[in-house]
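Colleague: Below, each chain spelled out in residue letters.
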Amino acid sequence: MTRAEAFSDREVAMCQVARLVEDGRTYWAAGGGTPLYSVLLGKKLYAPEAQYITEDGVIAPEPMLPFEPMMTMVASRAVYRALAWGTMNSAGIHAQLGYMDYGVLNTLQVDQHGNINSTFLGEYGGAGRRFGGPGGADTIAACCWRTILITDQERRKFVREVDFISSPGFLDGTPGARERAGLPEGTGPWRVVTPWAMYDYAPRRLRLMARVPWVTVDEILAECEWKPLVADEVQVLEPPTEEELHLLRTELDVRGQTTDAAGSWITWDGEKYIRA
Amino acid sequence: MTRAEAFSDREVAMCQVARLVEDGRTYWAAGGGTPLYSVLLGKKLYAPEAQYITEDGVIAPEPMLPFEPMMTMVASRAVYRALAWGTMNSAGIHAQLGYMDYGVLNTLQVDQHGNINSTFLGEYGGAGRRFGGPGGADTIAACCWRTILITDQERRKFVREVDFISSPGFLDGTPGARERAGLPEGTGPWRVVTPWAMYDYAPRRLRLMARVPWVTVDEILAECEWKPLVADEVQVLEPPTEEELHLLRTELDVRGQTTDAAGSWITWDGEKYIRA
Amino acid sequence: MTLSPSSSRQIEILRQGSGAYHPVDPDGFRHYVREHKNRALQPRLMTAREAVDRFVADGDYLTYECNYLMRGPNAVFHEIIRQGKKDLWIAGKFTYVDVALLVDAGCASKIDCGFFLSAPAVDRALKEGRLQVYEYSNVIMTLRIQAGAMGLPFLPVRSFGGTTGFDHSGAKLISDPYTGDPITIVPALNPDVAVIHVHQADIYGNARIFGTGISDVEAAMASRKVIISAEEIVDTEEIRRNPGATSIPYYAVDAVVSSPFGSYPGTCPGYYGSDPEGVFEVFRAVMGNGVPAYLDKWVRPFETFEDMLEQQVGQAKLDAMRANEVVKEGYSA
Amino acid sequence: MTLSPSSSRQIEILRQGSGAYHPVDPDGFRHYVREHKNRALQPRLMTAREAVDRFVADGDYLTYECNYLMRGPNAVFHEIIRQGKKDLWIAGKFTYVDVALLVDAGCASKIDCGFFLSAPAVDRALKEGRLQVYEYSNVIMTLRIQAGAMGLPFLPVRSFGGTTGFDHSGAKLISDPYTGDPITIVPALNPDVAVIHVHQADIYGNARIFGTGISDVEAAMASRKVIISAEEIVDTEEIRRNPGATSIPYYAVDAVVSSPFGSYPGTCPGYYGSDPEGVFEVFRAVMGNGVPAYLDKWVRPFETFEDMLEQQVGQAKLDAMRANEVVKEGYSA
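Chains as they are written, first to last, in our numbering: chain A, 1393 to 1668; chain B, 1393 to 1668; chain C, 3 to 335; chain D, 3 to 335.
Treat the hints with care, as some may be off.
Computed spacing ranges between beta-carbons, pair by pair [as the list claims (entries may be wrong)]: (1) A/1659 <-> C/282: 27 to 33 Å; (2) B/1597 <-> D/14: 27 to 33 Å; (3) C/334 <-> D/286: 55 to 61 Å; (4) B/1617 <-> C/14: 56 to 62 Å; (5) B/1617 <-> D/314: 47 to 53 Å; (6) D/314 <-> B/1440: 56 to 62 Å; (7) D/316 <-> C/182: 54 to 60 Å; (8) A/1547 <-> B/1577: 55 to 61 Å; (9) D/129 <-> B/1666: 51 to 57 Å; (10) B/1597 <-> C/14: 40 to 46 Å; (11) B/1438 <-> D/321: 37 to 43 Å; (12) C/182 <-> D/59: 23 to 29 Å.
Derived list of chain D stretches under chain A, where covered just means 3 residues or more per stretch with a C-beta under 8 Å from a C-beta of chain A [as the list claims (entries may be wrong)]: (13) 22–32; (14) 35–43; (15) 145–153; (16) 251–261.
Think about it this way: if two alpha-carbon atoms lie no more than 20 Å apart in a straight line, the pair counts; the simulated SDA-like pairs of lysine to any residue are [claimed, not checked]: (17) D/129 <-> B/1594; (18) B/1435 <-> C/42; (19) C/330 <-> D/88; (20) D/39 <-> A/1622; (21) B/1436 <-> C/239; (22) D/129 <-> B/1664; (23) C/319 <-> C/290; (24) D/299 <-> D/317; (25) D/39 <-> A/1628; (26) C/39 <-> B/1439; (27) D/330 <-> D/236; (28) D/112 <-> B/1624; (29) B/1664 <-> B/1622; (30) D/88 <-> D/133.
Calculated from the structure, these hints are not laboratory results. Ideal Cβ placement from N, Cα and C applies to all residues, glycine included.
Using the sequences provided together with the hints, build the complete structure.
Modeller: Shown next, in the form of structure tokens:
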């Protein structure tokens, strides 16, 4: 593994998520894009026996890469060499049954308790901006045992309370809040990954646990409208490797769709990483 | 069509039911045996465009006849050339949706309101005799629009109230009783057919509407522990035809399984039919 | 090992959404089936124009399967826009560009939201009050359709509780009478009309779908009127040869439309890949303000979808799409 | 068009059965899955003896699919009897001779009744208090399993209301909060163990079933422990060649037993017809008092089902059964 010398913010996030992928576990990757690429990257490099499904109920495919543009579900290359083909309901139901270890999501806004907004910024029904809605993320966040959220490190994305809970985190953060809302026992948010940082929950409140070498804790906190808890020791994450980036760029995000609007570019100046 | 000159009680019942089969309608035939043979007989002779399903969710098969002994479901000859293969749940659910026009059943005991007992004779839990249970008949009787019941004309089979309602008729016979019990609106028993007689409901109480030429109304009523209503004009049913019996004996009930214990034998003595 | 049933006489409703929802009426659905669904094997092959004219009414609740880019029923979709259907209420699950197209074309005024691409056209319609959105999620929408497909009034679900969407929906949180634990129930959805693109169908509507899907079978069974468009019309003998391959039985189907390349510019998996140019074009149109121009180029000038394919796409591109689909295994019966 | 949700805070329970039922515990099932179901692709091929020893415990709630005469998991069924499992609670849907065999063999003490052949052995066990029967019907049983297979605590159903069985079951009649109409709900069933015979499986448990069935997939997804017996063990490459043919995914499966002619004396559709002699023999045994003699002839003397096939049935008869199955179309992927 060789530390890479030039990569984008979003590539960093995908590589970090890839390293979380565990062998022998099941992943439900939301939509296409960063969640799916992250899981595939992890599976190919670190955890060949990790398996995944997507919203169209495909089970454990060996996709023919790269995908055609935007064709990450209900497309022959995406569902290639699966162990079974299903439907949105079969995916949802297998998650309801507890078969999905991890859900991997991206989102617009996350709050201190891991609640996710992908529906509306502003007061719902009033002025504000409408977004696309939860898609599959509601069921992923409700029914997978642990959820990993990918988002950008931007002030407006880390808030005290989301304007609209599209997909559930720990709700109001009190013990048993999810169970009282009818959600399966023992599930919930597990990690949030941004291009700068990784967060866990302590126990139901967002906590900064790690950072990339090229940003400080203060810089991260400056990009959080509501400040998360901070671990006693904030670990330092390894930068992307050449192997990760090669795979990402040549087989997965070959058209740069997800890295297009992917924040800054980070380069190695011979002594340290700097953000452009 | 030629009037036959020798046939069994049970053959009479099957031929009567066969003549009720309507083109373009769907039938759910319970189990194998008389209901299935009756529907097939009707479809082959009178209503080629009638379609049927069985409990294993087969839709509109063109079975390879005769069946192997007892192999009327989940067997290749029975489900041959179907339009779709399904499951017990798909059969039940299509009936729940209202797709099944007619259900055809046989049973142990029927009461004045068309309730069916195939579970227990005697006081449930006490002394008495245990039978096999409703099988698919509960859902057939609940969800098909109309049900046709085949049974023998025996005193103990026609009772005021069945000892155990395995499958619902009009329950207590009051208007709306089925709906109050959660059953689909507008459904219910339609005909009861025995080797001697045919019954309808007026409107929710069993009524003798027709008899075979070789028994009188009084003889029929003598074989009813609880007396049904009697239509003002009791029609006379046509005896089986040679064509019906030929098909029944050579393609359907070829081993006489259903006609084995099929009551008496009826023969034409040159002037009239007589029961042996 | 055994649990005695509780003797409680009531189930608490702990919380309930205030959103309007398409009426729940399983008995009414049954009566509709009895009166209108043809259980006889009679041909129901017709043009997209006839199918839409006869079976899509203004004000209908409409669900279509997959989406404009993936095995979408685009021939019928175009025809709906061409005929200027109004006031449709759309099951907006697993959609991308579709909702924006229907809204900007003036066809849809209500959306049950699972997911759709947020676009200027949608924003505008919302702000101008031409559009109402009710909040669900993708799986909650397909489970609502599954409830409808089972002839039930509602279904318990394990997600959706605790969300803001719940409060703006038809869901209820109840105390499960079996465990005592809170559980969400959602109202069944029986759309007025479903539009589904399939790989193969016979003239009666027995249909085969290969590959993955969203809620094709559920939508067919849940909907009062069902329009199937098919890449290939196959003989009923072929259906009978392999009954295990039948996804949708004829008696649920009202119209069968022969529609080769009916998912253009999207893919019909195993048959043809997408046209990336066409995909980017509709994306750009939706994400910008280009829907009217898109419809004026791709939909409105043509009498039929086939005319569009012939005049606007051309055989060479269609052949290339077909050639581009290298995966064939698993996409036949 | 729209219906406002009722603002009622309660759902009436209009009537409820008093029968015991297998405990409803969807969260407990989830935890079991998390801890015990292997989501890795690791081989789970083993003998029937090992599978039954490891995965069938005394007191288990057991469901098996189809029945002794039709694609029954008879190799595993025999092994259960051979190992003398006790106190099983059986999902008695679509059974003929099976219940009588298990009861008379001393294996089963509780039956949820859909249908079983009433037989002297069953009568005797009932009268002697060795057997308890709870009353459902075939479809109600498979819908209970479907509820379990969806991870839900209960499911609404459109039959069963008004029956006497209802009163001796775990069902409840409630006032539907969406329509106000009465509707029956039934408790989900998550069996401890399911035994299913399939046409093909790989060593991980990805399984293919051809033809019609009862509730194979539902039972596999609903049950804590799942034993698959398969006519053929196929390569995983073959599974991946046609993912649409997979009925049951590996992660639901705990044991795969290679079991050619595993449904003897019944049929495995498309592979072999039944042995009519064998079918009549078991029928006669059950309808008379011949179960002990039947087991002493067909089950107990043999170490394995394969030994029985070899020594008691013989290759000639097996070949004849295979030859007798003339229908092949539709029974392959």
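Colleague: Hint numbers the structure violates, sorted upward?
Modeller: 3, 4, 6, 9, 17, 19, 20, 22, 23, 25, 28 and 29
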